[in-house]
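**Student:** Below, each chain spelled out in residue letters.
Number of protein chains: 4
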Amino acid sequence: MSAPKKVVLAYSGGLDTSIILKWLQTEYGCEVITFTADLGQGEELEPARAKAELLGIKPENIHIEDVREEFVRDFVFPMFRANAVYEGLYLLGTSIARPLISKRLVEIAHEHGADAVAHGATGKGNDQVRFELSAYALDPMIKVIAPWREWDLTSRTKLIEFAEQNQIPIAKDKRGEAPFSVDANLLHTSSEGKALENPADEAPDYVYQRTVSPEEAPDTPEYIEVTFEKGDAVAINGEALSPATILTALNECGRKHGIGRLDFVENRFVGMKSRGIYETPGGTILLEAHRGIEQITLDAGAGHLKDSLMPRYAELIYNGFWFSPEREMLQALIDKSQENVTGTVRLKLYKGSVHCVGRWSDYSLYSEKHVTFEEDAGAYDQKDAAGFIRLNALRLKLIATRNARVKK
Amino acid sequence: MSAPKKVVLAYSGGLDTSIILKWLQTEYGCEVITFTADLGQGEELEPARAKAELLGIKPENIHIEDVREEFVRDFVFPMFRANAVYEGLYLLGTSIARPLISKRLVEIAHEHGADAVAHGATGKGNDQVRFELSAYALDPMIKVIAPWREWDLTSRTKLIEFAEQNQIPIAKDKRGEAPFSVDANLLHTSSEGKALENPADEAPDYVYQRTVSPEEAPDTPEYIEVTFEKGDAVAINGEALSPATILTALNECGRKHGIGRLDFVENRFVGMKSRGIYETPGGTILLEAHRGIEQITLDAGAGHLKDSLMPRYAELIYNGFWFSPEREMLQALIDKSQENVTGTVRLKLYKGSVHCVGRWSDYSLYSEKHVTFEEDAGAYDQKDAAGFIRLNALRLKLIATRNARVKK
Amino acid sequence: MSAPKKVVLAYSGGLDTSIILKWLQTEYGCEVITFTADLGQGEELEPARAKAELLGIKPENIHIEDVREEFVRDFVFPMFRANAVYEGLYLLGTSIARPLISKRLVEIAHEHGADAVAHGATGKGNDQVRFELSAYALDPMIKVIAPWREWDLTSRTKLIEFAEQNQIPIAKDKRGEAPFSVDANLLHTSSEGKALENPADEAPDYVYQRTVSPEEAPDTPEYIEVTFEKGDAVAINGEALSPATILTALNECGRKHGIGRLDFVENRFVGMKSRGIYETPGGTILLEAHRGIEQITLDAGAGHLKDSLMPRYAELIYNGFWFSPEREMLQALIDKSQENVTGTVRLKLYKGSVHCVGRWSDYSLYSEKHVTFEEDAGAYDQKDAAGFIRLNALRLKLIATRNARVKK
Amino acid sequence: MSAPKKVVLAYSGGLDTSIILKWLQTEYGCEVITFTADLGQGEELEPARAKAELLGIKPENIHIEDVREEFVRDFVFPMFRANAVYEGLYLLGTSIARPLISKRLVEIAHEHGADAVAHGATGKGNDQVRFELSAYALDPMIKVIAPWREWDLTSRTKLIEFAEQNQIPIAKDKRGEAPFSVDANLLHTSSEGKALENPADEAPDYVYQRTVSPEEAPDTPEYIEVTFEKGDAVAINGEALSPATILTALNECGRKHGIGRLDFVENRFVGMKSRGIYETPGGTILLEAHRGIEQITLDAGAGHLKDSLMPRYAELIYNGFWFSPEREMLQALIDKSQENVTGTVRLKLYKGSVHCVGRWSDYSLYSEKHVTFEEDAGAYDQKDAAGFIRLNALRLKLIATRNARVKK
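Chains as they are written, first to last, in UniProt numbering: chain A, 1 to 408; chain B, 1 to 408; chain C, 1 to 408; chain D, 1 to 408.
Treat the hints as calculated values from the structure; they're not laboratory data.
Don't take every hint at face value.
Restricting the straight-line Cα-Cα distance to at most 30 Å, the calculated cross-link-like pairs of lysine-lysine (DSSO-like) are [stated by the list, open to error]:
(1) D:336 - D:230
(2) D:172 - D:194
(3) C:5 - D:407
(4) A:407 - B:383
(5) A:158 - A:58
(6) C:143 - D:383
(7) A:230 - A:194
(8) D:5 - D:172
(9) B:383 - C:369
(10) B:143 - D:383
(11) B:383 - D:348
(12) C:383 - D:158
(13) A:336 - D:172
(14) A:174 - A:194
(15) C:174 - D:369
(16) D:103 - C:397
Okay, the calculated beta carbon distance ranges per label pair [as the list claims (entries may be wrong)]:
(17) D:158 - C:381: 14 to 20 Å
(18) C:235 - D:169: 51 to 57 Å
(19) D:381 - A:220: 45 to 51 Å
All C-beta atoms in this analysis are idealised placements derived from N, C-alpha and C, irrespective of residue type, glycine included.
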C-alpha cells in the first residue's frame, strides 16, 4: 500500500480518536478530514468541532452530521423486518451502525479527493471488519488505516504520553484506565472489556447506563400501541412519527421500564469469544411488536422461510457484510414478505419485560371462522384432515413397512 | 378401513374421552383398552381408573402409568438441546408430549393384540396430526380412530345428551361450555379457544393457571444455578436431580416469579391461525440456562449451524414428525454438538423474566487471554486481522470494480 | 361443496378429457367451457376444437391459445435463474407447466362467470396438487372438480364403455391400454407408469420420443454459443430470439445430440415414490449454459446463497406452490442475484452430454491479474493469507486447546 | 512465532518440494522430516526416498506411506454419502485429500517431537488454507511454515538458481515453465494455471491426462453394477472390493469411457475466481450410482434435508474445515441417513456420460402397489388426496381472501 495523502477519519472528539488524528498527521504526514456523526449516541457534537479545530483541522475539513433518520430508516428498520437476532439474543446494535459510518466516510473521501479512511477500532474486534468490508465494497481502491493495528501505542501510559507530547487535551477521567469500554447509538449501548471480562461474574449495576434496573422500574405496567406499515413502525399510540423519533420514543419507554438488558457471551468473527453487556430498550420493544404484527399478517410459508434465513442474515450483519450481494438478496426476500405486514399491536411493559398482548389489522390472516370451536358452517371440513394426515403419513408408513421387512 | 375390533384409547378420565370410550363401544362395538398417562398434568389418575371401570372396562384393560421421567429424559431434554422454539416464541409444550402418548398407545396395542388406537383430538388442530403420524410411523398397519372427525356429536348439547343416555357421570362444571380449552403436562399449560379467540383482546388474568402474575411475584430477585452435562440439566444449586425432578423444581421457580407466560398467534399445520395462551415456567428458565451454557462451550461453527437448523427442527416437532428420519437426522447433528455442553449457569429470576448473569465450565472456550484489552503477550497478533479482512473483502472489491467498469 | 353450475375444463382433445367433458355434463349437469393450451407439446390444437364442438360445446365456450411465450418467459426462465433441480436430477418440466394452466383456467372462469374448474389428473400424482393449489391461490372461492378422484370409471373397460355410451369417438390406438403415460410441453416430455413401473429394469429405447439415442447421435461434436441477459437466455450463436424460440432451438440441438434423457425415481408430494423417464433436451443445455455464465458473473456470497436455497425452491415448484408467498420471496432473492448475469457461454454437444467449455462477459468477476501464477505486481499480497488463515483457525485452536485440557 | 526447530514437510520428491526442503534447512536451520504419501497419484514413491536421502535427510526421518485405503474409507466415502458437489459441479477431489495429509504430518510431528509442519502450497490458493486449518485443529500449538508466502524465490528463474546453488537435481522438463499445474490423487486430477487461465478458451485436449476423450471412447456402451452398504460402495458387478480397490476399478471404467471431465470456474475461499480442469472418472460414476441407490432407499424427508445441507457441507470441505465441529455435526446427520442405503444400481457408461438405468434393494421404499395405474386394492385411497390438497391450500386461500379484501 502506497502512503495515503488525504484521509477521512471517523472522529468522535474523544481522546482516542484525537490521538489517532494527530498520529495520522505526524506518522503519515497526511491531511486529515474529520467525520463526526450523530447516531443518537447522546453526546453533543459541537465540542468535537472545537477539538478538531484545536488539532489543526481546517473548518472545511470538519464534517459533523445528524444521520439519525438515515440510520433508522435505511439500516435499523430493514434489519428489524427480519427479526434479526445474533446467536439467539443480541440485537446487533453496534453492528448495524458501522456500515453507515463507512458509507459516509467513503462519500466524504470522494468529495474531497481523499485516498484513505481511518477508524479507531482495535485489531481484536468486529468493528474493524465491519468498517473495512463496507469501505472496500463501496470503493475498491480506497485505503483503510487502522492505527490500533499499526502503532506501538499499545498501553494507556504510551497513549497518554503521546497525547501530552502532542498537546492533545486530556479530560481528567481519561487519564486512568476506564473500567470498561462503551459504544452507543440510537439503537443501543454496549459495554465490554476489563471489569466485565469474566463471564462468570454478574455485571455490576453501574454498568447499565441506558435503562433503570427492573427493580427500580414502575410497579404498574404500562400499555402502548405500535402501528406498522409494510413492516416498519410508523406510529405510537396512534401518533405518526418519523423513524428516528419512533425509536427515540420507544427507547424512553424501555428505559423507564428496565427493558432490553442483556448479559451475553458471543462469538466474534475474528474467532474468539467476548462478553458484552447490551442495552437495547427501544429495539427490544420493537422486536416484540414486529413479531406480534407478523403473527397475524404473515402465513406459515412466508414466516417459516424468514425464520430459517434469519440466523444467516444476522450473521452477515454481525460479520460486516451489509454491503454484500448476499445481504441484499436476503433483504429482497425479506422486503417482499413485508408487503402486508401492516397493523397495530398492543404491548405490556413491566419491570424488564415487554409482551405483545393484542394485535389487529385489516391485513390479518387470522380467521375466527376457521379456528372456532363452534360449528363453523362450512368454512372447514374436519374430514379433510383425515386425508391430509394419511398422505403426510404415507412415507412414514412405507419406512415402517420396510424396516419391519428387513428386520425379519 | 375395515372395522376395528380392539382399540386402545388415550383416556384422561374426563367427560370428553369418557364419551369417546362409550361411543367406541356402541358405534364400533369394539373392545376398549384405556391408557392414562401421568405426564405431569397435575391431576390424580386413580379417578380415571374408577371411571373406566364404571364404564365397563376390564381391569386388565386399564393402563395407568407415570411416564414423567421418560417424557423429560427422552423427549423434552433432546428438544431443549436444540433450543427449539416455534415461530420465534412457542416452546412446543403440547407438541412434544403427543409422540410419547402415541408410542405407548401402539405398544399397548401390540401387547393386547389390538388393531386400533383412538384419541380425543379434534379435526381442526395439530394434535390429531401428531398422534396419528406417530402412530403410523410406529405401526404402519394400525388403525387410528378420531371420533371428533367422525361422529355427529358436534355440539355441547348433543354431547351431554349422549352422556346422559349412556350413564356417563357429568361433573357439574362440565355441563356448560368451558370458557376455553386447556392442555397441561410437566412442560407447560396451554389455553385456547372461545373466550380467547379474538387475538386483539388481552387474555384475562384468570386464564393463567400455572404461574402467578409478574405483578404478584416477589419484589426481590432470586438467583439459581443450573448445571448441565452434555446439554442436559443435571443439577440445581449443586443438587443432582433426575430429569423430571429438575423440570418440576424449575417449574416451581418459574411459577413463583411469573415466568414463562406467552400470548401467541401461531400457524397450525392444518393451515389456519390460532391464538394460544401458554405457560412454560420451568421450560423458559431451562431455555435461557441452556443458551447460557452454550455461549461458552459451543464455538461459532457449531452454534451457527444449530441456530440455522433450529426453525426446521421445531417445525418438525410442531407438525408431528417426531418419529421421522429427518427429525432423527437433525437430532444426531444436535446431539453431536452437545458433547462438551457441560458447566453451570447462574440465573436471575424476577417478576416475569429470567436472565443468565454468569456461566462457567471446565469445557469453556472463552479465552480471557485472547479477548483482553490488555497487552496479551502473543496469544493474538492484531496484524493478522489486516490479512483476514483483506481476503474477506477481495470478492467485494472485485464486485465493486466490475460495477464501476460496467457503469461507464 | 355445492354443485357447480359452470366449469372450465383443461381439455386436451384426447379420449380421457373428452370423457371428463361428457361426465361433467351428465353427472353434474353443468355447462362446460374448454381450455386447450399450446404449451409446445407438439400436437395440433384444431382437432381439439372440432372434438369439443362435436361434444356439444358452444363455439364461444371453446378457448384455444398459444401460451408458449408466456410459458417460457414467465415460468421456465424464472425457474432456470435458480438452476432448479428436484432431488438432484429432475428439471421440473411437468411441474412448471401446471400453474400456468391453472392461471388461465381461473381467468377464463372469471370471464365466463364460471364457478368451477376441472382437470384430468389422477388422485395419486402431483399434478392434481399443482393444479388445485394454484387455482385456490388465485381464487379462494373457486370449486375444483377432479373426476379421477370421484367417479367409478376406474378401469379402461369402464372408460371405453362410457365413451361408447356417450358417442365419444375413440381412436383405434386408445382402445387398449397404453404401455405408459406421456406428458409433454416445450420444456420436456415425461413417460411413466405401467411398463416403466419396475425401477430395476432399464427403460426400453422406444420410450424416448423426443431425443435420438446418444448412440445414434452425430459422431462429431457441435459447438453453440448462448448469450444471457440478467439471467435469461436471449441469443443463440449471436442471433437474438424470443424466449419460446430459444427453447425451441435448444430443443432441436438437444434432440439431435441425444441430450437430456433421465431415468429417475422420485418422491411424490403425496408420499409415494414413482419412476419417470424424462427428456429435457433444451432445458438440459440451458441449465449447463446458465451455470456457466454464473461461474464468472456471480461471486461466492451470491452463488452459495442461491445454491443453498435451490433445493427448497425446487421442492416448492414440484409440490405445486408456485403461487405462494415463499416462492415469490425466493424469486425476489434469485432475481436480485441475476442483475449482472449477462454474457456468453460456449457449449460442446456430443452424444448425450453438454459441457460448458468457455464463458466471457463484460460483467465478469474473473480477474486474471489476481489468480495468475505470474508475479502480479501488487494485486494480491500472499502474506495476507497468513492472517486470514490464522483468524479462521482461531476457534479451531481454542477447541483443540479445550479438548486437550479436559482430557487430562 | 519463534523459530521452528524440527519440521515435518509434505514432500512429493519433485523439484518444488525439494527446494522447500533445502530452504527449510538453510533458512531456518531446522531438522527436516519428510512425509510422502501414496494417495493414488500414480507416481512411484521410492524415487522420493532416494532424493530425500540425497538432500541429506536421515533414513529414520523419511516417511513413505500408502494411505490409499484410509483416504477412500475415511475421507472420500464419507463425503460421497453426502453427494457433495461444490458450486454445482466440482467433486472436491483436491479438497478432500488435504486434511488426511495434514493429519499424518501432525501425527509424525508428534512421533518425532517436531514443532512444525511445512507444505508447498502457494499463498493464493485454497490448499494452504486446507493444510493449515487441519493442522491447527489437530494441534493448536503446531507451527506451520508455508515457504511460498515467505520466501523471495518468486520466479522460475530464481527457483532454478536456488536449486542449482544447492545441488538439487533438476529434471530436464522442469527447467522451463510448465504450461499448467497438476494435482492428482486416487479421486481426481486437476490442472490449472497459465495456459488455462483464460476461461473463455476451451482447454486443449492434451490437458486431460486421466481419461480418454469421449470422441475416442468405445462406440458401444458398457453396463456395470455397483452395490452399496450403508451408503458406501462395496462391490462392482457382484465382486466385493475394498474402498481403494473399488475406486481404482471405477477410475478404469471412467477413464475408458471418457467420463468425469469438467471445465470449471470456481470461487476460491481466498476471494478470487480461478479456472480448473478436473478429471474425476471413478468419482463421477460413484456419485451417479449413489444418487441412484438413494432414489429407492431414502424417503423425501431424509433426502430433502440432505439435499438442502449438501452445499454447506461441500463448502466446508472446499474451504478446509474437515476437522471442524460443524463438519462433524453434518457428518453425523448424513451418516444417520445412510443406515438403509443398501442395494445395487445398474449404470450405463457411454462416451463421456454415466446414467443410472436400474436400481433394486431389499431396503427399497418404492411400492409398486401404491404407485400403479392399475386398481390397487386398498393400498391408497385417492379421495385422501382431496383433503390433503384442501388443507395444504387453506393458508393460500386465506391469503387470497385477505388480498381481495384489502384491495377493495
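**Student:** Going straight from one Cα to the other, do residue 103 of chain D and residue 397 of chain C come out at no more than 30 Å?
**Tutor:** Distance ~15 Å between residue 103 of chain D and residue 397 of chain C Cα, so the pair holds.
**Student:** Given the hint that residue 174 of chain A pairs with residue 194 of chain A, does the C-alpha gap stay at or below 30 Å?
**Tutor:** holds, 15 Å
**Student:** Assess, step by step, whether the Cα of residue 383 of chain B is no farther than 30 Å from the Cα of residue 369 of chain C, and give holds or violated.
**Tutor:** Measuring from Cα to Cα gives roughly 25 Å; hence the hint holds.
**Student:** Are residue 143 of chain B and residue 383 of chain D close enough, with their CA atoms no more than 30 Å apart?
**Tutor:** At roughly 17 Å apart (the allowed maximum being 30 Å), residue 383 of chain D and residue 143 of chain B satisfy the hint.
**Student:** Keeping to a limit of 30 Å between CA atoms, is the pair of residue 230 of chain A and residue 194 of chain A held or broken?
**Tutor:** violated, 42 Å
**Student:** So if I understand the rule, the pair passes when the alpha-carbon distance is 30 Å or less; does residue 5 of chain D with residue 172 of chain D pass?
**Tutor:** violated, 34 Å
**Student:** Checking one constraint from the list: CA of residue 336 of chain D to CA of residue 230 of chain D, max 30 Å. Satisfied?
**Tutor:** Status holds; Cα separation ~9 Å.
**Student:** Check the following: the C-beta atoms of residue 235 of chain C and residue 169 of chain D are separated by a distance inside 51 to 57 Å.
**Tutor:** With Cβ atoms ~55 Å apart, the hint holds.
**Student:** Are the Cα positions of residue 336 of chain A and residue 172 of chain D separated by 30 Å at most?
**Tutor:** Judged against 30 Å, a Cα distance of about 63 Å means the pair is violated.
**Student:** Given the hint that residue 383 of chain C pairs with residue 158 of chain D, test it: the Cα-Cα distance must not exceed 30 Å.
**Tutor:** This hinted pair holds, its Cα atoms lying about 19 Å apart.
**Student:** Holds or violated: are the alpha carbons of residue 172 of chain D and residue 194 of chain D at most 30 Å from each other?
**Tutor:** Judged against 30 Å, a Cα distance of about 20 Å means the pair holds.
**Student:** Does residue 158 of chain A pair with residue 58 of chain A here, judged by a C-alpha cut-off of 30 Å?
**Tutor:** holds, 27 Å
In the structure shown, a violation is registered for the earlier hints numbered 4, 7, 8, 11, 13, 19, in ascending order.
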